[in-house]
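In terms of the working numbering, the sequence shown has 122 at position 122, counting the first letter as 1, and numbering is strictly consecutive.
Hints are computed from structural coordinates only; laboratory data are not their basis.
In this text, a Cβ means the ideal position worked out from N, Cα and C, and glycines have one as well.
There may be inaccurate statements among the hints.
Here are the simulated PhoX-like cross-link-like pairs (lysine-lysine), alpha carbons at most 25 angstroms apart as the crow flies [what the hints assert, rightly or not]:
| hint | residue 1 | residue 2 |
| --- | --- | --- |
| 1 | Lys131 | Lys116 |
| 2 | Lys118 | Lys131 |
| 3 | Lys118 | Lys139 |
| 4 | Lys5 | Lys82 |
| 5 | Lys92 | Lys139 |
| 6 | Lys97 | Lys82 |
| 7 | Lys139 | Lys121 |
| 8 | Lys122 | Lys149 |
| 9 | Lys139 | Lys97 |
| 10 | Lys82 | Lys92 |
| 11 | Lys149 | Lys116 |
| 12 | Lys149 | Lys118 |
| 13 | Lys139 | Lys122 |
| 14 | Lys131 | Lys92 |
| 15 | Lys116 | Lys139 |
| 16 | Lys131 | Lys97 |
Simulated DEER-style distance windows between Cβ atoms [stated by the list, open to error]:
| hint | residue 1 | residue 2 | range |
| --- | --- | --- | --- |
| 17 | Ser83 | Gln24 | 11 to 21 angstroms |
| 18 | Lys5 | Ser59 | 46 to 56 angstroms |
| 19 | Lys97 | Tyr21 | 18 to 28 angstroms |
| 20 | Arg150 | Ser83 | 38 to 48 angstroms |
| 21 | His133 | Ala9 | 40 to 50 angstroms |
| 22 | Arg151 | Ser20 | 41 to 51 angstroms |
| 23 | Gln148 | Arg60 | 47 to 57 angstroms |
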Amino acid sequence: MAKSKEPGAIPNRPVYSRISYLYQAATYLANHSQQTDVTQNSDSQASETKVAVGSRQASRTNHADQALARSFVADLRGTSHKSQIRLSPAIKRSVCKYCDTFLVDGGTSSSVVENKSKGGKKPWADVLVVKCHTCQRVKRFPVQAPRQKRRPMREKTTDKPKNGIEDVDVSTNI
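Hey, can you work out the whole structure from these sequences and the hints?
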């Protein structure tokens, strides 16, 4: 006999918890490695030998953090595929699906808004382009802008007649 469904109960709660943990861990490691880059660049007052040794150790930890974050993202995607759970669009947008890198704007990725429609004349055709620095692949996301109304809707709001011929009173012109 099957269990009765309770209101508010979430099926596969352990799987959701694991996916959430992996996402949070990958986010932490990706942001942590970016912060160590900033602190290493700001320590310019130290002697050259200390900076050289420190930068080598920092680069090793940065690469290790990035690799660990990538393995967490790969586990996250594998878990969601295996359990047939759909990831939210926010998670999908923050992960490179080609190399499993967690995309941090300015660190592991760069983003640009472009509009290739007739010289950028269509504001609803803006596209956010995110480029992964690890695999050089590009992801494109539409940027929401208010679209122009369809032609039949536009013509109803204007005062022009449909056939283009205006009514002229002939009797007053004589």
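**OP:** Provide an ascending list of the numbers of those earlier hints which the structure does not satisfy.
**Re:** none
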